[in-house]
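Chemist: Residue strings, one per chain:
2 protein chains.
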Amino acid sequence: MRIVLDAMGSDNHPAADVAGAVMAAREWGDEIIIVGQEDVVRRELAGHDTAGLKLEVVHASEVIEMDDKPAQAARAKKDSSMHVGMNLVRDGKADAYVTAGNTGGVLAVATLHTLRRIPGVKRAAVTGIFPLPAGKVVVLDVGANADCKPEYLFQFAVMGTIYARDALGCENPRVALLSNGEEPYKGSLLVKEAYGLLEGSDLNFIGNLEPKEVVVRQADVVVTDGFSGNVFMKTLEATAKMLTVAIRDEIKAGVVTSLGGLLAKPAFARVGKRLDPKEVGGLPLLGVNGVVIKAHGRSDAQAIKNAIRQAREAVRGEIVEAIRQGLAREE
Amino acid sequence: MRIVLDAMGSDNHPAADVAGAVMAAREWGDEIIIVGQEDVVRRELAGHDTAGLKLEVVHASEVIEMDDKPAQAARAKKDSSMHVGMNLVRDGKADAYVTAGNTGGVLAVATLHTLRRIPGVKRAAVTGIFPLPAGKVVVLDVGANADCKPEYLFQFAVMGTIYARDALGCENPRVALLSNGEEPYKGSLLVKEAYGLLEGSDLNFIGNLEPKEVVVRQADVVVTDGFSGNVFMKTLEATAKMLTVAIRDEIKAGVVTSLGGLLAKPAFARVGKRLDPKEVGGLPLLGVNGVVIKAHGRSDAQAIKNAIRQAREAVRGEIVEAIRQGLAREE
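Protein chains in written order, with my numbering: chain A, 7 to 337; chain B, 7 to 337.
The following block holds chain A by itself, in its conformation from the complex:
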């Protein structure tokens, strides 16, 4: 397998990105193609022991930065590490692309300038894989399309089902719509219309779910527009962080509770690790003509390695071909 890794993606690039690539190459023996400004990447690589690893460097002169306007940068910076890297996948020279860079940039470069959408796909979706205590839940869209039509949500359900089944090994995934109430008559106009489409499909559609049911994994795949999905994802992350800080502050406020906190520390660490989105890797971009994984901007080397693992799972599951066939069948 050959996986392209964007050296210029993470907030801490190229250190975290390159270190993650080295870890992945060592662990799985895959070929990792590191794309970025060549001198910068080679200097970073020189600090690692890369003997025997299949690492290649491909030069890209430009970088799409976190504060670039996505559509504009995707149009202007044609030699960015995103363009060069995704074109390697498009041209069959690699199997997957992994980046921790600007989400809007990845989306624009993938759908408009390089890989493009799988024929028949109306919108690509940024897909969240939530490592909840009850297991992984796939939620899409979590950010690509702030405004959606019912038929997009239907396609998200098809793509999410395929991803859960073929990349995550979930049998007959249960699909739900994120809504403001469980009853079929609850929801926005969008949700109500999507409900009708999903009810008549051969997906394993179980109806509407509220967030409290999503977090205990009453469904395996949860479908929503990219605005509400983004609010869901970011509220979950923000609440977890806020609570952690609040508990730490209260524990530190007293001597006895401080001691208690010290003794209970391994338990906190285990919860933190289990719920850490970085442990999953990143957000698959579903609906484009190639495997693309968007890792968190704050990724460290371990998170980059996990995103590469996720890319391997998607390639192994032949996700792109499965989505192509799945959508053709549902039309």
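Everything labelled a hint here was simulated from the structure, so no lab data went into it. As the structure is a prediction and not an experimental result, all values here were calculated from the model. Treat the hints with caution; some may be incorrect.
Any copy will do: because identical chains look the same in the list, a pair fits if it lies in one copy or spans two.
What the hints assert, rightly or not - Heads up, simulated DSS-like pairs for lysine-lysine below, C-alpha to C-alpha not over 27 Å straight-line:
1) K279 with K247
2) K279 with K218
3) K279 with K198
4) K99 with K142
5) K75 with K218
6) K279 with K142
7) K279 with K128
8) K155 with K258
9) K198 with K142
10) K247 with K192
11) K192 with K75
12) K271 with K155
13) K218 with K142
14) K142 with K128
15) K155 with K84
16) K60 with K218
17) K192 with K84
18) K258 with K271
19) K99 with K84
20) K128 with K75
21) K258 with K142
22) K60 with K99
23) K271 with K247
24) K128 with K155
25) K84 with K271
26) K271 with K142
27) K142 with K60
28) K84 with K279
29) K218 with K128
Dock chain B against the given chain A, drawing on the hints supplied.
Modeler: Same frame as chain A, now just chain B:
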């Protein structure tokens, strides 16, 4: 002050509701009018020491249940405790109405059958008051209107500002739009259009905020459609609960961590209490012609009492008159 309390609202009615009314009457000396099936209410009241308290019982033969379809029940059950109670406010016989009943029912009875909207108000909003570590944040709409227009969001901003200022004592409240990115060009079409309206207003509008900024109170008032607001509110509650359970389970899994958990328990309890929505009371229904507070369905007596306190603050702040004037000025 005279406050109407729905005896038939909470999941545990009438016990929790009546007990909360008695606590409130004792603490503040206000007159509490308890509305519900008279024999049921009087039997419940008989179990309390009510000597010297200003408690009145008003009969209502019907109850809007949690699983009733809101619009239908509001039309059919004209002698419900919601109709009878809100009519007392409409007719000037009481100053505010508090219920822990069916949210859709409260909304339908208030806007369509009894109090109705303040002239000029396009949509009433269910308003969340989040007791975050950094202070209270007002978020609206959190459930009344799944589909919104930009001008509704503008009015929510006006009403939320008035509530934060006059009921919560927040000076010059900062107003933000909930969005999927901070930049002005981020957001759904709805958010982008609302941005334009708010930017040109004399409100203290500070732009778009993501959930992570909302939970650390970078704004005092956060405006959103009722679908996304509901997702925000319920994801926050669900994540807090999920994390609490996960931490408890991990702590109990070992002897040392169990001891640590025992010692740290008071810290957890303080965090839980500080973030408990029941400590705030309930959700003000803003935009209707009277003070209406919707308490949580799972309210206990303390939560009902807190909702009554919140009603008192809204009455003291002359919220309804302030919204009437505020909207007239902004038109």
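Chemist: If the cut is 27 Å between Cα atoms, do K247 and K192 qualify within a copy, between copies, both or neither?
Modeler: Answer is between: at 24 Å across copies they meet the 27 Å cutoff, but 30 Å inside does not.
Chemist: Please sort K258 with K142 into within, between, both or neither, judging by C-alpha distance up to 27 Å.
Modeler: Classified as between: cross-chain Cα gap 23 Å, same-chain 33 Å, threshold 27 Å.
Chemist: How would you label the pair K99, K142 (within, between, both, or neither) given a Cα cut-off of 27 Å?
Modeler: neither (31 Å within a copy, 54 Å between copies)
Chemist: Measure nothing new, just compare the shortest in-copy and cross-copy C-alpha distances for K60 and K99 to 27 Å and report within, between, both or neither.
Modeler: This pair counts as within: shortest intra-copy Cα distance 15 Å, inter-copy 81 Å.
Chemist: How do K271 and K142 come out at 27 Å by Cα distance, when the copy is not named: within, between, both, or neither?
Modeler: within (25 Å within a copy, 30 Å between copies)
Chemist: If the cut is 27 Å between Cα atoms, do K155 and K84 qualify within a copy, between copies, both or neither?
Modeler: neither (31 Å within a copy, 38 Å between copies)
Chemist: When no copy is specified for K279 and K247, does a C-alpha distance of 27 Å or less occur within a copy, between copies, both, or neither?
Modeler: both (13 Å within a copy, 18 Å between copies)
Chemist: Tell me, please, which holds for K142 and K128 at an alpha-carbon limit of 27 Å: within, between, both or neither?
Modeler: within (26 Å within a copy, 41 Å between copies)
Chemist: At most 27 Å between alpha carbons: which applies to K192 and K84, within, between, both or neither?
Modeler: between (45 Å within a copy, 23 Å between copies)
Chemist: Have a look at K155 and K258 and pick one of within, between, both or neither, based on CA distance no larger than 27 Å.
Modeler: Neither: 49 Å inside a chain and 46 Å across chains, both beyond 27 Å.
Chemist: Are the CA atoms of K218 and K142 at most 27 Å apart within a copy, between copies, both, or neither?
Modeler: Classified as both: same-chain Cα gap 15 Å, cross-chain 22 Å, threshold 27 Å.
Chemist: If the cut is 27 Å between Cα atoms, do K60 and K218 qualify within a copy, between copies, both or neither?
Modeler: Close neither inside one copy (45 Å) nor across copies (40 Å); limit 27 Å.
Against the hints set out earlier in the document, violations occur for numbers 3, 4, 7, 8, 12, 15, 16, 25, 27, 28 and 29.
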